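S.K.: Sequence:
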Amino acid sequence: MKKRKKAARTGAAPHGPAAPEQAEELNLRRDPLVHVLLVLAIGFAVYSNIIWAPFVFDDQPFLAGNPLIKDFGFFTDPQRVFALPVNPDLKNNFMLRPVAYFTFALNYALHGLDVGGYHVVSLLLHLVNALLVYLLVWLTLRTPVLRMEEGGEDDHPAERFYYLPLACSLLFACHPLQTQAVTYVIQRFVPLVALFYIGALVLYVAGRLAAGKASRNGLYLASLLACVLAMKTKENAFTLPVLILLYEWVFFRGAFTAPRLLRLLPFALTMAIIPVKLMQLSSVAATAQGGKVAGAVNLVNFKQVSSWEYLMTQFGVVATYLRLLLLPVEQNFDYDYPLQKTLLAPAVLLPLALLLAVAGIGAWLLYRSRGRRGAACAPLALAGFGIWWFFITLSVESSVVPIDDLIFEHRAYLPSVGFFIAAVTGIFALLPRRAGEPLGTSRPAVAALALLVTVSAGAAYARNTVWETPVSLWRDNVRKSPQKARSHFSLGVALADTLPPWHTDDVNLMLLPMDARQNEVLGEVVREFQTAARLDPQSGATYTFLGGALLVQKRYREATDALVRAAALEPRDARPTAFMGQVLEAQGDLAGARRKYQEAIAHEPSAQYAHLFLALLHLRERRHAEALAEFETAYALSPRADLIATIARLRDVAGVR
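One point on numbering: in this note's numbering, the residue at position 218 of the sequence shown is 218, and numbering is uninterrupted.
Once the Cα atoms are required to be at most 25 Å apart in a straight line, the calculated BS3-like pairs of lysine-lysine come out as:
| id | residue 1 | residue 2 |
| --- | --- | --- |
| 1 | Lys484 | Lys341 |
| 2 | Lys341 | Lys480 |
| 3 | Lys277 | Lys70 |
These are calculated hints, taken from the structure and not from any lab test. Treat the numbers as computed from the prediction; the structure is a model and nothing was measured.
With the hints as extra help, turn the sequences into a complete structure.
M.R.: Put into C-alpha cells, the structure is as follows:
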C-alpha cells in the first residue's frame, strides 16, 4: 500500500511506471496553475454577455441616482449624510456598508455612470472569490487533522481528494444561482463581503499552517483586517467569527487553552461592530414613516412583519435555496413568495423537517469525525463543515430579523460555498476505488466533472441573457410571478424607458409626438400599471406612474383620477401634485399648472422634477429670468451635465453674467 501511495504521488501507475505521455497528461491535469486559468476562463465566458447590461431596479435609486457616491466628502464626514433629503434606507445602508459604497464611489470617480466598469468590478470580485474557494479547500486538505494518517491504510486526503478544490471552485464560479449576485450591480455588496469573508478565513488558516513566526503574525493581522472590512461591507459578515471558531474546532484539534482562546478573541470582538452601528442609527432611523428598527439589511421594517412570521417563512426560503443549488430551474429575480403565519401549515413543517434533517446530518458528520484522522476524517469533517457553513452564513438574513423582501437569490451566494464543499466531498467520498486508486481522481471522474461544469456554465450564460435589458428581465419576472404587483409595475417602467423620455422629469409630457409603435408600447405600459394597481390598490407610486402614462395618451380625466388617488395614498409624495400640473398645462390651464408646480415645490423643496416642470413652463411663457432661476435650483439639487448648456443659454438671453 505504501508503494502504491508513493507511485500515485509521483505520477506513476500503481502497477508500473506510467508512459511519458500519460505522466505528462496527469501532471497537466493536476497543475494548480492550469486549474486557476481554467476557473478564470470559464468564469469570464459565463459572464461575457453582461458587461453592458444596464442598471435595473434598485440600481437606479441606490447607485445611479445616489448622491452619496458622487462626493468623497461623505466618507470623510459621514454626518453630512443625515442632512440629505434622500431615502432613509439609503442613508442606513451607506452608514452600515461604507466599504462597499466606497468602491462604488471609486467607480463613479473613474468613469461616471458608464455601466461597463461596474460590471467588470463585480465579475473580478466573483472570479477572485472562486479562486479563494479553491485555496480554502486546498489548505483545508493540509490541516493537521487531515494530513495525519490513521494506521497507514488510507490514501492521503490531498491525494484522494485532489480535484476537490478545482471542482468546488468551478461550480462556484459557473453555477446559475450566482448570476444575480454578480450581474445585479447594486448587489456588489454580496461578492465583496464574500471576498473579505472567505479571504479572512483563508488568511487565518494560512497563518495557522505557516512555519515562521513572522509569517504567522502577518497573516493573522491580515485576517483580522479582512474581518473588520467584511463587517463594514454587509451585515451577514456578523457570522464570520463563529465560522472561524468552528473551523478551528474541526480542523485543529486539541484543548482550547488560554493562548488559543486569546488568538480567537479579537475576531469575536469584531462582532460588536454591526450591533453598535445599528444602535447608533436607531436614534435617527426613519421611524416617522411607520417603520421600526429591525436590523440586518433594511434597518426599517416598513411592512411590520413579525419575527416569528419571518422565521416560519424562512424555513421554506432556505429549502428553496437548496433546491436551486441542486436544480437551478425557474430562477426568478423577484419571487412572489407568501408570508407564512401558521406553524402547523405544510409549507412550514415540511421544509423545517428537511432543514433539521440536513443540519442533523451535518452535526453527526462532525461528531463522527472527532475520533478520526487523515483520509478517514476528511469526508466527514469537510462535509459536516460545509453543511454548517451553509446554515451559519444564512443565519443573519434567514432567521428572526425581518427583511421586507422574503427571498432573493443573491443571499445564497456566500452560503453556496458550504453547499459545494459538502456536496462535492460527499460525491468524492462515495466514489469507489479502482485497483487501489481513488476513482475521484480518475479520467472518467474528470470527464464527468467537465460535463457538469459545461452544463452549469451554459445554464448560467443563458440566465444572464435575461439581464441584457430591463424589459427582458421583467418580462421573465412577470411570467414567473404573474400575481406580484411589483413585477407588473417594474415592467411598465422598463417599457416606458424605451419610449421618448416622457418620464425623465424635464420634458413636457403632452408635447411629445408618438408613432404607431410607440403608441402600442404605451398601451402596454398603461395595462401593466393598471394590473399592478389592481394587485396592489394601496400603492401610491403605481397610481402616480399610471397617471403619467394616461396623460401621455391624452386621457386627461382618467389621469386626473389616478393622480388624485395617488395623492391620497401618498400625501408626502410631491409627484402626484407635479403631474397634476402637467395635466392642467396639457389642457391649456397654465396658471393652474403653475400653482400645482409651486405647491409641489413647497411640499418637497428637493423635488428636482417639480423645479424642472416649472422651469419649462416659464420657458413656454418666455419668462426667461424665472426659468433660469428654476433651472439653477434644479442643477444645485442634483448636477446634471445636460442642464449646463441650457443654463448658459438662458444666462445669455436674460443678460445674466
